[in-house]
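For reference, the chains in residue letters:
4 protein chains.
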Amino acid sequence: MPAAALLLAAFTLILQQPRPQPAPGSAPIKFEPTAGVQTFAVREPVLRIKPGAVVESRTFSRAGDYYERAGGAWPGEVGPFYIEGATPNDTLVVKILRLRLNRDTAVSSVGPGGISAVAGDSRTRMLNDPLPARRFVWQLDRTRNVGVIELPSSASKRIELPLSPMLGRLAVAPAGEEEFGGLWPGNFGGNMDSSDAREGTTVYLPVFHEGALFYFGDVHALQGDGEIVGSGLETTADVTFQFDVIKGRRIRWPRMEDANDIMVAGSGRPLVDAFRIAQVELIEWLVDEYGFDKMDAYQVVSQAGHSRIANVVDPNYTVMAKFPKQLLPSKVK
Amino acid sequence: MPAAALLLAAFTLILQQPRPQPAPGSAPIKFEPTAGVQTFAVREPVLRIKPGAVVESRTFSRAGDYYERAGGAWPGEVGPFYIEGATPNDTLVVKILRLRLNRDTAVSSVGPGGISAVAGDSRTRMLNDPLPARRFVWQLDRTRNVGVIELPSSASKRIELPLSPMLGRLAVAPAGEEEFGGLWPGNFGGNMDSSDAREGTTVYLPVFHEGALFYFGDVHALQGDGEIVGSGLETTADVTFQFDVIKGRRIRWPRMEDANDIMVAGSGRPLVDAFRIAQVELIEWLVDEYGFDKMDAYQVVSQAGHSRIANVVDPNYTVMAKFPKQLLPSKVK
Amino acid sequence: MPAAALLLAAFTLILQQPRPQPAPGSAPIKFEPTAGVQTFAVREPVLRIKPGAVVESRTFSRAGDYYERAGGAWPGEVGPFYIEGATPNDTLVVKILRLRLNRDTAVSSVGPGGISAVAGDSRTRMLNDPLPARRFVWQLDRTRNVGVIELPSSASKRIELPLSPMLGRLAVAPAGEEEFGGLWPGNFGGNMDSSDAREGTTVYLPVFHEGALFYFGDVHALQGDGEIVGSGLETTADVTFQFDVIKGRRIRWPRMEDANDIMVAGSGRPLVDAFRIAQVELIEWLVDEYGFDKMDAYQVVSQAGHSRIANVVDPNYTVMAKFPKQLLPSKVK
Amino acid sequence: MPAAALLLAAFTLILQQPRPQPAPGSAPIKFEPTAGVQTFAVREPVLRIKPGAVVESRTFSRAGDYYERAGGAWPGEVGPFYIEGATPNDTLVVKILRLRLNRDTAVSSVGPGGISAVAGDSRTRMLNDPLPARRFVWQLDRTRNVGVIELPSSASKRIELPLSPMLGRLAVAPAGEEEFGGLWPGNFGGNMDSSDAREGTTVYLPVFHEGALFYFGDVHALQGDGEIVGSGLETTADVTFQFDVIKGRRIRWPRMEDANDIMVAGSGRPLVDAFRIAQVELIEWLVDEYGFDKMDAYQVVSQAGHSRIANVVDPNYTVMAKFPKQLLPSKVK
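Chains as they are written, first to last, in my numbering: chain A, 27 to 359; chain B, 27 to 359; chain C, 27 to 359; chain D, 27 to 359.
Simulated from the structure, these hints should not be mistaken for lab results.
Hints are supplied without guarantee of correctness; some may be wrong.
Same chains, same label: a pair holds when it works inside one copy or across any pair of copies.
What the hints assert, rightly or not - No farther apart than 20 Å at their CA atoms in a straight line, the calculated lysine-lysine pairs in the PhoX-like style are these: (1) 183 to 359; (2) 183 to 357; (3) 320 to 351; (4) 351 to 183; (5) 183 to 320; (6) 273 to 359.
From just these sequences and the hints, can you work out the full model?
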């Protein structure tokens, strides 16, 4: 058996096995962030870990920041984590084992000058007067798992919404020398603002640099599709990840997987191009791993695929294309 | 009490009452279509009914048409039904009481020259060679509620998908003198291709002409979000509607309601503009009927609203903006 | 020589000849419009003419209409003219021999609710407050060929702009049964709002119905690229056309030709799709008539082609793709 | 006279004066680039100059690069130049005094995987097969000022196009920590690919960092509107700039000025948003510097403004909005 075939067989085995567990007896790594960074880029790692490692951490916040007061600075993201053995053209696997809110409030800021899907902003310039600025502070009742806000100008006076915490930002360092601000999503992940990035979800990211250089942050206690106001219920959380590396498997765009679906996160502008990226990548996924002919995969995704509009406010918009796992045939590789 | 206030009170009462039922003892009207029409427009009605009437009918098909053979002509839509008492600026209410498939096959045709969300077509012109033409014929197992297709070029050789029948086209005659072909969705409804138009869903359409002039057709036994291949599992069905009119209530875009959500169907190009229409109309709905301040409604829809990309292939794309009914406060009117 | 080759040779000759002139001695036809129509559609012709005919007419206006007072109704377009011998898949040739303003004022109306490229409107819905309504009445100094307006709120108090009259609407009846309101451009021409449709320009339109059924109207004494405010200097004019038919030559989208350029008018939404239609049609024009290989035509148009954004306000946007005539090689057919 | 008024008067004087000339007797600075950079970012300057300085340089190229052979690496841009006294919220003025081609060939590369306005690419993903790869090598006849290429597959066999050299990339370091690859245009300028950046044009760029940090490169001997094939006639040139700083004047997007027009370069996706940025900025320019009321400026730009689609292939598209200088009233500041 030649080396290449052996390698392929080995990879196939790896892929068919359950996700790697930490070595028996190896305790989770605890990582306490002491600073946040404002961009996704190649920089000195704050933590080095091995594939299979479980890391318990939390998103970053500091006194007086965005979460605490109007006009407070954005605290930035945590990272990068260097995952040993991850090299370009591998796939980084990030399982969100646990995501738990750790504060009693969440904020949602609205303009002026803010980003919006349904009002003029700095990227969709309009001659109309801007919307007034508002800062909504939500109370998070973590026992009942609801967010509550007083709305004195509305007939109902208050409203209560069930929470569904998510991680807005999950990234690797982008390809080449580029360095994108924390608002950007792209093929490196980043600020996808997808409510599918929840506890229990596994996220797959392409690797562009040695060690992958993983970043995370931007918890939303709740966010609707499209994040039209430009922010979710922005807050902080404790989070536990397990990391893994799929050697030699290259993906072009972030993928996710939860109990129900396999998913691709396409990011771009215009919205239809984000949608196209996600759909075409999903079709190619069915071709590559599930043995579909391209036209058959196109047909099947068209009939049984689902989509979520994740964000329509960031420098790139993000759309999730999904296919139900129970409808998939067996993998061919 | 002045006349206007009386009128308002009366409307409010009407709106708060359960949807009108057919007069006791009045049997459903049976309507057997004998022809289809190719456009949504003002034309001579094929049926005249009163508000509250229940109509049992079916979508139209004729021997040798699109459903039966490659190259077969599109049979057209059924209608128009004239609903007595419906006048411009009223709202037509169409409850889909029953929607049952009535044939054992469904077809999905793919180019060349076909419409597509992920390939060049006549509206998104590209220099690339067109995709090859294909006609997928699905077997509908109505007992097990699945569609089955043989895929000899794929590793799995066949695939089976659970069905979820929907009505692609539900329309009133468009405003003014305009006459749109059957592929068009718009503020008059039309070819919205929304999988939310299912059995149990209530559809609200604006009325632009006396009698509303209602059309329906284009059953999909199943269709994924975006209908990326340009067609669902195209087939025919028996359908039972109940009609009603909300006098004096003007809506600008079609709305729907099912057990879980209130919804708006925004149609336009680009995709982001269809999304914007749906979101802004949903926000204004919360303002008008549920007493929200505009900025509060904007916030609340942003945090708890959901969206479905209905189609990204028709002359206008359609996006559904949804809000969960259980999160709504009481109506104020 | 077989019939097909003869036919081809004949067509080639026709195309290489100067545009047909009215038969010697045949006087121009004078047509005085007495009504306007609100849609582009198949309807009873108001005039029947032969290919080669010259028609002297004017755009329609009536007392108290849009041109005369705020809130005045749109007078509608003139037509249809039935051009004998024009059958589907022919090309209608319309030479604008003369276009002369015939009134001393022009108006440009701005919202609210108006269409705009840089403010929320009914198709690009925004939560922002609408712009205030304004009606600008320009004085047309036809001797000096300038439009003049008083601007009391601006430092300059008045401004004077050189005029460049154009015809906003030039159409044939659309394919099939569809009927589009006067605001629509499309593959049938219509409200392209291209400032290239000037005196001296030849316009080519596809023929979808017997007689072509030609419409015209909507004079702009001046209009900038994109018509961002939703209207040009809207006024009326005397216009002289010469009509011709190219038998057996099918074009998919309107074309124009002036002293400098050959042009294609692509209409659609989003803007990039209007641009794509125009560019791809222009490339295919170079392939079909000038003997370019497709990749060569793509290269050459990319390096020497020009574009004009005609309108970014109508139900479809219009983009002109142009290629300089002096850079073209000889025609191959 | 208070300090602020004095300051304003001083600025007004500066603005009304002819662009600063190098001090009498001060020779132009000659700068020979020895390396290129791949991103627009804050980095160590390669040259420090004073406002008013004239710099004679050339775009960078090295043996075996993109310009010389298929698959050759992109040589990168020249810079950054540090302009003394330029601080954030100033405006950098770059006058292109001279731009002369300095090699006898230019190349235009086409896919596969290449960027395109009219074919699927990595940002507008399509299921269609990609276009074939081609590398067009143009001969530049600098005496006759034409580019010539053999086209063996086309009827004409060769074509000759008049040249019009331009600089594709003119940038300052972007705001904050972001670092964009050389393909990006944005509010920092960058790869705008505007054929208006020619000899004689003055370019205005916002200043985000001390010294402005100016970059340039990417000469096109010729490029059509939209650069639809993804490249112009890519070559190198000698270039002479004169630099200046307008203290205390903040612009949000790049501006240009030539003998005929004032212009704004708006960059973004979708295309309509690039168009909107350019138009709204142009309107605000007329308001700020020429004393127009906003609605008046909107009207006047709509009637007499022109646009150029600069590129429809880069990560952001670029549109130029222009207003004829001869139609402008006097400046008010």
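Structure-based check of each hint:
no.	hint	result
1	183 to 359	between (56 Å within a copy, 16 Å between copies)
2	183 to 357	between (53 Å within a copy, 13 Å between copies)
3	320 to 351	within (19 Å within a copy, 40 Å between copies)
4	351 to 183	between (42 Å within a copy, 18 Å between copies)
5	183 to 320	between (53 Å within a copy, 13 Å between copies)
6	273 to 359	within (14 Å within a copy, 58 Å between copies)
Every hint from the earlier list agrees with this structure, and none is contradicted.
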